[in-house]
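Asks: Single-letter residue listing:
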Amino acid sequence: MRGVVVAASVVLTVVVLALLVGTFGFAWLHVTAPSHVEIGRAS
Amino acid sequence: MKSLLLRLAISTMVASAGWIAVGPGQVLVAAANTTQTKALDAASCGGLLALARADRPRLTPGQRAIVDHATVNSCRLITTMNHAQPTSQDALAGCSGFWVTFSYTIYWNNIGFDYLKDRVNGGFCSDGYWVSRDWGPDCQTTQFWLWGSANDWCGNYRPNGGAAPYLQMGHNFHIFPYSAPWINKYGYSRVEVYSNFGYSAWGACCYF
Chain G
30 MRGVVVAASV VLTVVVLALL VGTFGFAWLH VTAPSHVEIG RAS
Chain L
185 MKSLLLRLAI STMVASAGWI AVGPGQVLVA AANTTQTKAL DAASCGGLLA LARADRPRLT
245 PGQRAIVDHA TVNSCRLITT MNHAQPTSQD ALAGCSGFWV TFSYTIYWNN IGFDYLKDRV
305 NGGFCSDGYW VSRDWGPDCQ TTQFWLWGSA NDWCGNYRPN GGAAPYLQMG HNFHIFPYSA
365 PWINKYGYSR VEVYSNFGYS AWGACCYF
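Chains as they are written, first to last, in this note's numbering: chain G, 30 to 72; chain L, 185 to 392.
It is possible that part of the hints are untrue.
[To be verified] Sample of chain G residues with no beta-carbon within 12 Å of chain L, all distances over it, derived: (1) R31; (2) V33; (3) V34; (4) V40; (5) L41; (6) T42; (7) V45; (8) G54; (9) L58; (10) V60.
[Claimed, not checked] Covered by chain G, per the in silico footprint, the following chain L stretches (three or more residues, Cβ under 8 Å): (11) 243–257; (12) 277–283; (13) 287–294; (14) 313–319; (15) 341–348.
[Stated by the list, open to error] In silico negatives: residues of chain L with every beta carbon more than 12 Å from chain G: (16) A226; (17) G230; (18) A234; (19) D298; (20) D302; (21) G307; (22) A334; (23) Q352; (24) S373; (25) F392.
Rather than coming from a laboratory, the hints here were simulated on the basis of the structure. The beta carbon of each residue, even a glycine, is placed where N, CA and C say it ideally should be.
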């Protein structure tokens, strides 16, 4: 039972951290031009 | 080439007195869209004057006066340059596909991480002047795995109110965090294709 609780806590922590990273990472985004543009062409 | 023009001039003159007198003592041989004038050698000029004088009854009084006073140094040969020349654009008439990837990258210790890529692919045809759609565009956005994306517009656009001979393909999109999908940031990509299949590409991301 204790093992299940620990595993669930770990999973929950990872999910919360991921959501925080996603949210703050998204908030960090600012307007910018593309870092690079690749163009392939075929006739 | 010169002899060909000369023969043409002579035959024209014999047939219809198609030479033009442009001033005292000068006779222009051949009349057309002209780009270059040079003196005709004395022997050829003498021959032409002889032909013109033999055609005297068909000349106007003014033309007769000029022919009478012309010398073998009075002739000018006009070379015509009115042939349609193929241009580089003509040579590039046809169809071409473009696969364009716009990458947005952050760097940490010289290690880059692409947090967003937007791909816009499309085909275009050109007749050397007017660019038209061939296929697409196809648009796809891939982004950091904790974010989602959605397509707002993917299509072609002809600038100048539809009058421009060139064509743009473009993609408008927005991204959002899965943790708060109601918060959106927007981006766009544009590729402008010209009649010689030159192109410009630009875009931006991510603004509220």
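Asks: Taking the hints in turn, state whether each one holds.
Replies: Verification of the supplied hints:
no. : hint    : in the structure
1   : R31     : 30 Å, holds
2   : V33     : 26 Å, holds
3   : V34     : 24 Å, holds
4   : V40     : 16 Å, holds
5   : L41     : 14 Å, holds
6   : T42     : 15 Å, holds
7   : V45     : 10 Å, violated
8   : G54     : 7 Å, violated
9   : L58     : 5 Å, violated
10  : V60     : 4 Å, violated
11  : 243–257 : violated (count 0)
12  : 277–283 : holds (count 6)
13  : 287–294 : holds (count 3)
14  : 313–319 : violated (count 0)
15  : 341–348 : violated (count 0)
16  : A226    : 55 Å, holds
17  : G230    : 57 Å, holds
18  : A234    : 58 Å, holds
19  : D298    : 8 Å, violated
20  : D302    : 8 Å, violated
21  : G307    : 9 Å, violated
22  : A334    : 14 Å, holds
23  : Q352    : 14 Å, holds
24  : S373    : 8 Å, violated
25  : F392    : 9 Å, violated
Hint compliance for this structure: hints 7, 8, 9, 10, 11, 14, 15, 19, 20, 21, 24, 25 are not met, and every other hint is.
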